[in-house]
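Construct the complete structure from the given sequences, taking the supplied hints into account.
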Amino acid sequence: MEEGLERVWTQVLGEGPFVAVASHNGHHLRPEVRDLMKLPDADRLREEDPFTDEWAVIAPTRFVAQRSRFEVDLNRARHEAVYLGPDDAWGLDLWKEPLSQDIVARSLAEYDAYYTALREVLVGLEREYGAFVVFDLHSYNHLREGPDGPAAGPEKNPEVNVGTGTMKRERWARVVDAFIDTLSNYDFQGRRLDVRENVKFVGRQLPKWVHENFPDSGCVLAIEMKKFFMDEWTGEVNREAMDEVKRALASTVEPVLAALKASKKGKRKPKKGTSALHRAMRIGFVVNDVMTEEAGYTTTRLAMRARQMGHEVSIISVGDLAYDSDEKVRAKGRSVPKHIYKNGASFLKDLQGKAAIEERVTVDDLDILLLRNDPSIDAIARPWAANIGIQFGRVAMRHGVVVLNDPEGLAKATSKMYFQTFPAEVRPMTVISRDRADIKAFAKERGTIVLKPLQGSGGQGVFLVRPDDVPNLNQMIDSVSRDGFMIAQEYLPEAAKGDTRLFVMNGEALRHRGKYAAFRRIRQGGDMRSNIHAGGSLARAEIGPEALELVEIVRPKLMRDGMFLVGLDIVGNKLMEINVFSPGGLGSAQKFEGVNFSEAVMRALERKTRAMDYYRRQFDNVAMAII
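Mapping of the sequence shown onto the working numbering: residues 13 to 639, in sequence order.
Simulated from the structure, these hints should not be mistaken for laboratory data.
Treat the hints loosely; a few may be bogus.
No more than 25 Å apart at the CA atoms, straight line, and that leaves these computed lysine-lysine pairs for DSS-like [unchecked claim]:
no.	residue 1	residue 2
1	456	586
2	350	366
3	340	361
4	424	586
5	527	354
6	340	354
7	273	212
8	509	586
9	50	180
10	464	586
11	180	168
12	276	344
13	569	603
14	273	258
15	452	586
16	350	340
17	527	603
18	569	586
19	509	354
20	276	220
21	344	361
22	361	586
23	464	424
24	509	527
25	509	603
26	509	569
27	258	168
28	424	220
29	527	273
30	527	464
31	108	168
32	452	527
33	212	168
34	366	354
35	108	180
36	212	258
Here are the computed distance ranges between Cβ atoms for each label pair [said to hold, decoys possible]:
no.	residue 1	residue 2	range
37	167	47	40 to 50 Å
38	344	113	46 to 56 Å
39	92	168	50 to 60 Å
Bear in mind the structure is a predicted one, so any value in this text is a computation, not a measurement.
Idealized CB from N, CA, C, for every residue including glycine.
So this is what it looks like as structure tokens:
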């Protein structure tokens, strides 16, 4: 969203192909608009749709305007979204003086931000479910001649008007009929509601926009409730009637979704990964060595899912990167011939075998470059390769490629010292030194400690040092310090039960279809390492408030450093490590939770690509990493 621009709506993202929108719910005005407003608050409220936010909660995903339509009307075409005078607003005299161009421009920027956010969500629903339904919630006045005047005649003013004039009515007949039939037969305080179609309204900009952009996948019901549930002149609500309207609308959800599902049968589903508003991405995955990748690796899963969703994928060994004389980054990349693979093993067989497509890739032409090589693997045997991915990533980033995680952030994290830059409250007490006297003093002070090398991964060279082990401490120190600095950490008793790996994406705990991307690693026998490579076993993780609070604490720094996807290793209420280089285990989380988290990652990348296209690369790489 444009810098300095405040979001004028709230949004909640849930599961399922059902969205509620309350575009005229808001009443507030930003200060410079309020200062010019001549119309009294009560008169404004009459033309707004108060309380529609209370109905919107029946949907798991909802967009609710918090600003008045008199600031920006989110249900009008853009050119008429700002009311400039009486002709735009039912003859009402609105302004003490004409609105300035700056005020109008800011309001239109709010409008654009709203539709950009809505579009992003609807594209995701289209891709996940094939089709979706939107309840566009409004209310309308029927006492236009004053509080004591006659009400508008019922023949042209139904209690519920369902606007369907902007859709392909035949395409969505089942959904429309299910809604009208269910609501018409609802026992509303001992009577039936008068529900009719396209009598008072046919639907305006929001349904029109959705039906133009999602003609075969998006169904919007423009629902206008007559204000029989409130006094439209005083704003006083009849709480009993208000709540009954909510229950009546809720009763339609199940039959509407059943009709939506039936409407999809026999219809060609959109090609995975594509929509009217999205194109295929070009993604590069930088790995230590293509030929040493394994079927269960997270990188393999991500690449395979990207292909399934219709994107172009190149897997690049870090040693195959090159900087050419024309100042472009190129590489020898490998891709696979097919889109659909049954499993990672078949995908990898093609990638590493004769079926692979080898080609020279211009990295600068990619949309996304994922740095998935682990420097610790190359630190000893191939020290030249350890950080070269970061260096080439920096160049690609300057040429407009979105590089993830951000290479400048990764450069800060090339050793476990990076962990010490996070708040002390989330970390075990730690000493980092090459001096064995420091380590011995810390062991004496703390009793039981964990000793490991500053560089490394996979649980290699990790020792649990108990008081009884002090006679052997010199040998442990010799082993750990062979390759440089040592880390000594206080031992957390909860570690006896193992640890939890929780993935964080865009600064949030990664959640897909209501499930967290996480799993537990359980220690094997007396081995204090819970890493699966050390013989540990896996189990399902329960993510509670303590783990989510850790995410909240580390979020600001992760976002500042441009860390798109990381793995948190959690023991009790502490973090043991923050893995920013090629965090693994997404497949294990999928195994226990039954959802494909790789798809969620790909969708996040698609959103970044759309943002880059839409805003013409106005954001720096850190902003794109966490957007």
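Hint check:
1. 456 with 586: 22 Å, holds
2. 350 with 366: 13 Å, holds
3. 340 with 361: 31 Å, violated
4. 424 with 586: 22 Å, holds
5. 527 with 354: Answer holds: residue 527 to residue 354 is near 23 Å, not above 25 Å.
6. 340 with 354: Violated, at about 36 Å.
7. 273 with 212: Judged against 25 Å, a Cα distance of about 29 Å means the pair is violated.
8. 509 with 586: 14 Å, holds
9. 50 with 180: 41 Å, violated
10. 464 with 586: Roughly 18 Å between the alpha carbons, so the hint for residue 464 and residue 586 holds.
11. 180 with 168: Holds - the C-alpha atoms of residue 168 and residue 180 are around 24 Å apart, at most 25 Å.
12. 276 with 344: It is violated: about 42 Å lies between the C-alpha atoms, which goes past 25 Å.
13. 569 with 603: With Cα atoms ~30 Å apart, residue 569 and residue 603 exceed 25 Å; violated.
14. 273 with 258: Roughly 23 Å between the alpha carbons, so the hint for residue 273 and residue 258 holds.
15. 452 with 586: Within the cut-off at roughly 24 Å; holds.
16. 350 with 340: 29 Å, violated
17. 527 with 603: Roughly 12 Å separates the two Cα atoms, so the pair holds.
18. 569 with 586: 16 Å, holds
19. 509 with 354: With Cα atoms ~35 Å apart, residue 509 and residue 354 exceed 25 Å; violated.
20. 276 with 220: Holds - the C-alpha atoms of residue 220 and residue 276 are around 21 Å apart, at most 25 Å.
21. 344 with 361: Since the Cα atoms of residue 344 and residue 361 sit roughly 18 Å apart, the hinted pair holds (cutoff 25 Å).
22. 361 with 586: Roughly 40 Å separates the two Cα atoms, so the pair is violated.
23. 464 with 424: 20 Å, holds
24. 509 with 527: 22 Å, holds
25. 509 with 603: Given pair residue 509, residue 603 holds - Cα atoms ~20 Å apart, limit 25 Å.
26. 509 with 569: 29 Å, violated
27. 258 with 168: Distance of about 23 Å is within 25 Å: holds.
28. 424 with 220: 48 Å, violated
29. 527 with 273: 23 Å, holds
30. 527 with 464: Not satisfied, since the Cα-Cα distance of roughly 33 Å exceeds 25 Å.
31. 108 with 168: 35 Å, violated
32. 452 with 527: 43 Å, violated
33. 212 with 168: 6 Å, holds
34. 366 with 354: Within the cut-off at roughly 19 Å; holds.
35. 108 with 180: Not satisfied, since the Cα-Cα distance of roughly 43 Å exceeds 25 Å.
36. 212 with 258: Within the cut-off at roughly 21 Å; holds.
37. 167 with 47: 40 to 50 Å: Holds: the Cβ-Cβ distance is about 43 Å, inside 40 to 50 Å.
38. 344 with 113: 46 to 56 Å: Because 53 Å falls inside the window, the suggested range holds.
39. 92 with 168: 50 to 60 Å: Since residue 92 and residue 168 have Cβ atoms about 24 Å apart, the given range 50 to 60 Å is violated.
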